[in-house]
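Here the sequence shown is numbered in our numbering, starting from 272 and rising by one per residue.
Careful: at least some of the hints might be erroneous.
[Said to hold, decoys possible] Per label pair, the in silico range of CB-to-CB distance:
| # | residue 1 | residue 2 | range |
| --- | --- | --- | --- |
| 1 | Thr355 | Ala314 | 14 to 22 Å |
| 2 | Glu301 | Glu363 | 26 to 34 Å |
| 3 | Val338 | Glu298 | 15 to 23 Å |
| 4 | Lys303 | Ala329 | 12 to 20 Å |
| 5 | Val338 | Arg367 | 16 to 24 Å |
| 6 | Arg336 | Gly304 | 14 to 22 Å |
| 7 | Gly304 | Val338 | 17 to 25 Å |
[What the hints assert, rightly or not] Restricting the straight-line Cα-Cα distance to at most 25 Å, the calculated cross-link-like pairs of lysine-lysine (DSS-like) are:
| # | residue 1 | residue 2 |
| --- | --- | --- |
| 8 | Lys333 | Lys303 |
| 9 | Lys356 | Lys303 |
| 10 | Lys333 | Lys315 |
| 11 | Lys326 | Lys356 |
| 12 | Lys315 | Lys356 |
| 13 | Lys333 | Lys356 |
It should be emphasised that the hints constitute simulated quantities derived from the structure, not laboratory data.
A quick note: this is a predicted structure, and the numbers were derived from the prediction, not measured.
All C-beta atoms, glycine included, are put in the ideal place defined by N, C-alpha and C.
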Amino acid sequence: MASFLSDLLSRLVGKGASAAREEPAAEAVEYKGYRIRPAPYPAKGQFQTAGTIEKDFAEGTKEHRFVRAETHASRDDAAAFSVTKGRQIIDEQGDRIFS
Numbered sequence: 272m273a274s275f276l277s278d279l280l281s282r283l284v285g286k287g288a289s290a291a292r293e294e295p296a297a298e299a300v301e302y303k304g305y306r307i308r309p310a311p312y313p314a315k316g317q318f319q320t321a322g323t324i325e326k327d328f329a330e331g332t333k334e335h336r337f338v339r340a341e342t343h344a345s346r347d348d349a350a351a352f353s354v355t356k357g358r359q360i361i362d363e364q365g366d367r368i369f370s
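Take these sequences, add in the hints, and give me the full structure.
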């Protein structure tokens, strides 16, 4: 009973949602020298398409975060689509995403 109440309280004050955002949805995927890390998050009962694209340069690793309008019923579906969107961004923009 106590854990139920503490879980309910943490969800009401938003701690549950931030914890879900921090835990990785899936492993990073390598694509054309970039790493795509899916990071969907809960939004209005669905999961928002989101993630990061990383690439290592001589001066260090650069990162580009993206969020798209598409939502999905499951976190796994959103993670898979985030990888697809990451590939599309890389194909269309390449290194310009870091400018």
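Satisfaction of the hinted span 14 to 22 Å by the C-beta atoms belonging to Thr355 and Ala314
holds, 19 Å
Range first: 17 to 25 Å. Now tell me if the beta carbons of Gly304 and Val338 are that far apart.
Hint holds: Cβ distance 23 Å, inside 17 to 25 Å.
Verify the proposed pairing of Lys315 with Lys356, using a straight-line Cα cut of 25 Å.
Holds: Lys315 and Lys356 sit about 21 Å apart, inside 25 Å.
Straight-line Cα separation of Lys333 and Lys356 no greater than 25 Å?
The given pair, whose Cα atoms are some 18 Å apart, holds under the 25 Å limit.
Holds or violated: 12 to 20 Å for the Cβ distance of Lys303 and Ala329?
Holds, at about 18 Å.
Does Lys356 lie within 25 Å of Lys326 when you go C-alpha to C-alpha?
Answer holds: Lys326 to Lys356 is near 16 Å, not above 25 Å.
Look at the Cβ atoms of Val338 and Glu298 and judge whether their distance stays inside 15 to 23 Å.
holds, 20 Å
Given the proposed pairing of Lys333 with Lys315, does the C-alpha separation stay at or below 25 Å?
Roughly 31 Å between the alpha carbons, so the hint for Lys333 and Lys315 is violated.
Beta-carbon spacing of Glu301 to Glu363 - inside the hinted bounds 26 to 34 Å or not:
violated, 18 Å
Taking the beta carbons of Val338 and Arg367, is their distance inside 16 to 24 Å?
holds, 18 Å
Holds or violated: 14 to 22 Å for the Cβ distance of Arg336 and Gly304?
At roughly 18 Å between Cβ atoms, Gly304 and Arg336 fall inside 14 to 22 Å, so the hint holds.
Hey, Lys333 versus Lys303, does the alpha-carbon distance stay inside 25 Å?
holds, 15 Å
Against the hints set out earlier in the document, violations occur for numbers 2 and 10.
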